[in-house]
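As you go down the protein sequences, you meet chains S and R in turn. The first sequence begins at 1 in our numbering and counts up one residue at a time. The second sequence begins at 1 in our numbering and counts up one residue at a time.
You can take every hint at face value.
List of simulated lysine-lysine pairs, PhoX-like, C-alpha gap at most 25 Å:
(1) R/K7 to R/K196
(2) S/K57 to S/K26
(3) R/K7 to S/K88
(4) R/K196 to S/K88
I should point out that these hints are in silico values taken from the structure, not numbers from a laboratory.
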Amino acid sequence: MLNVRHVSHNFGSHWALKNVSFELAKGEFLFLSGPSGAGKTTLLRLLYGSLPLERGKATVAGFRLHDLRRREIPLLRRQVSVVFQDFKVLAHRSVYDNIALALEVRFMPRRHLDRRVRAVARSLGLERRLAAPSGELSGGEQQRVAIARAIVVNPQLLLADEPTGNLDADLALRMLEIFQQFHTFGTTIILATHNRDLISRQPDARIVRLEEGQVVAANWPGGDPASFRTAATAAATATSGATASKAAPADVPGPGPEPEEDRL
Amino acid sequence: MIGVVFKLLGRGFADLRVNPWAQTLTLAAVTLVAFLGGLFLLFLFNLNAELERARGELIFQVYWRPDADMDVVASQWEQLEHLPALAARTTYTPEQGLEALASSMGGGLDLQWLRGESPLPPTAVLAFSPDVAEEETWTRDMLAYLEHLPGVEKVHFNVVRANLARAWKGFRQHLVWPLIGFLGLVQALIVGNTVKLLLLSRRTEIEILHLVGARDWYIQLPLVVSGALHGFAGSALAVGLLKGVQYLIRDLLDFPPLNLPIVFFPWEYAAAMAGVLTLVGAFSGWVAVRR
Numbered sequence: 001m002l003n004v005r006h007v008s009h010n011f012g013s014h015w016a017l018k019n020v021s022f023e024l025a026k027g028e029f030l031f032l033s034g035p036s037g038a039g040k041t042t043l044l045r046l047l048y049g050s051l052p053l054e055r056g057k058a059t060v061a062g063f064r065l066h067d068l069r070r071r072e073i074p075l076l077r078r079q080v081s082v083v084f085q086d087f088k089v090l091a092h093r094s095v096y097d098n099i100a101l102a103l104e105v106r107f108m109p110r111r112h113l114d115r116r117v118r119a120v121a122r123s124l125g126l127e128r129r130l131a132a133p134s135g136e137l138s139g140g141e142q143q144r145v146a147i148a149r150a151i152v153v154n155p156q157l158l159l160a161d162e163p164t165g166n167l168d169a170d171l172a173l174r175m176l177e178i179f180q181q182f183h184t185f186g187t188t189i190i191l192a193t194h195n196r197d198l199i200s201r202q203p204d205a206r207i208v209r210l211e212e213g214q215v216v217a218a219n220w221p222g223g224d225p226a227s228f229r230t231a232a233t234a235a236a237t238a239t240s241g242a243t244a245s246k247a248a249p250a251d252v253p254g255p256g257p258e259p260e261e262d263r264l
Numbered sequence: 001m002i003g004v005v006f007k008l009l010g011r012g013f014a015d016l017r018v019n020p021w022a023q024t025l026t027l028a029a030v031t032l033v034a035f036l037g038g039l040f041l042l043f044l045f046n047l048n049a050e051l052e053r054a055r056g057e058l059i060f061q062v063y064w065r066p067d068a069d070m071d072v073v074a075s076q077w078e079q080l081e082h083l084p085a086l087a088a089r090t091t092y093t094p095e096q097g098l099e100a101l102a103s104s105m106g107g108g109l110d111l112q113w114l115r116g117e118s119p120l121p122p123t124a125v126l127a128f129s130p131d132v133a134e135e136e137t138w139t140r141d142m143l144a145y146l147e148h149l150p151g152v153e154k155v156h157f158n159v160v161r162a163n164l165a166r167a168w169k170g171f172r173q174h175l176v177w178p179l180i181g182f183l184g185l186v187q188a189l190i191v192g193n194t195v196k197l198l199l200l201s202r203r204t205e206i207e208i209l210h211l212v213g214a215r216d217w218y219i220q221l222p223l224v225v226s227g228a229l230h231g232f233a234g235s236a237l238a239v240g241l242l243k244g245v246q247y248l249i250r251d252l253l254d255f256p257p258l259n260l261p262i263v264f265f266p267w268e269y270a271a272a273m274a275g276v277l278t279l280v281g282a283f284s285g286w287v288a289v290r291r
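The following block holds chain S by itself, in its conformation from the complex (with noise of 0.2 Å):
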């Protein structure tokens, strides 16, 4: 589903990422860990083509970002759904417009997706709300309509970016049961978090945890951690792997930490 290799970003002489590589496979669920800064959501962009992958390989969903043409990108992002912190939903539409819309996109005839788009907003609970202009929905509503938005597509991979920022503690529970629900039903997700309870929540998750950049720790859930490397480097599909970087590249400045694998 998702291969990273050496992967590294730099914004002028910021080194955003450097040297991350990790696999995932179809069906997980990875947290993506690490305070502020860390360089979460500047990988979450390279892997919905929102930057150019420069440094490294990725391939996502079949796409080889590295080789990613200009013309390819919409077609990556039908198979890719992103959920922000900010919600992005248009305030001036209608939950069912604003859900509707990545199925307008791919040209999917009204009766099917009137359907779909109801169907989901059953599951999220908004069917009552379909006809509201989303802007006067409270921040857990326009957040759900956001997660519906992604997923009424059936995507590949589903990546959240600290989706319950802008949510009390209650309502980042609810989201997280959400995703969870989802994940249940096989949709591959990372969800990027700074939030250590949201990640205790889901002890069966993997979790990759970034500073600096860098990815500092990674664990093998329900196993010993130390098994995880062994499991990373045997296993393309069920390799739960996320190897640290034990030195940046040639032209990205300074090593990198020693791997943390218990340090979440």
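Could you slot chain R onto chain S? The hints should help.
Here is chain R on its own, set in the frame of chain S:
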């Protein structure tokens, strides 16, 4: 697919309801810029028309011999009508010349006694607007042609006036038209930027559409329609305002000795202005999506 295209075009119209204040201010800005540009165009058009009328033509006065056969002369006058670059032709038979002479004296000269025995020759006053690039050669050739017409005694040609005409045409070619072009460019830049600024207020929408996998044309089509509508509506309002202003000031300079009625420029000009601004608006909508 065609249904989708029509839907997107319709969305371009429907989107005009979104953020009405910004839409109104943008329309006002486009209208104002188009109006100011149009006002300058109106000024240039009237100035050009007046100068062309007063100084922009080459005048030849052709005199036939007094004893020339008037049937032959009349036939030649008919032929002169088809000369290239002829702007105006005025002819005088000996009798008409007499009347014009008496009239020019303000009624203080009684020439009734010469009626039927006018000593004045048949005369033609020919005004031309030749292409300035070949004017000298053209003038020489025309002079030669007119002098060699059968029955023609002499041809008067005002060199000073010809120089003035040449100077004005050069001025118009080297300054006025580039000025109009520059004006159009300034209008296009301001209108384009104004419309683009409005569309940037929709960057969240554009970003979301990109995120859900929309192709550029899918995003651009409604924005192009919105931009074009702003350009068209702004220029149409501006033309209406210009017509109103021209109506109010039409007689402002129309008094002796100026006698300059302010006329509205041809509707083709107005249509061209609206067309250009519509295209500029549409283009701004197109480029607003470029990343």
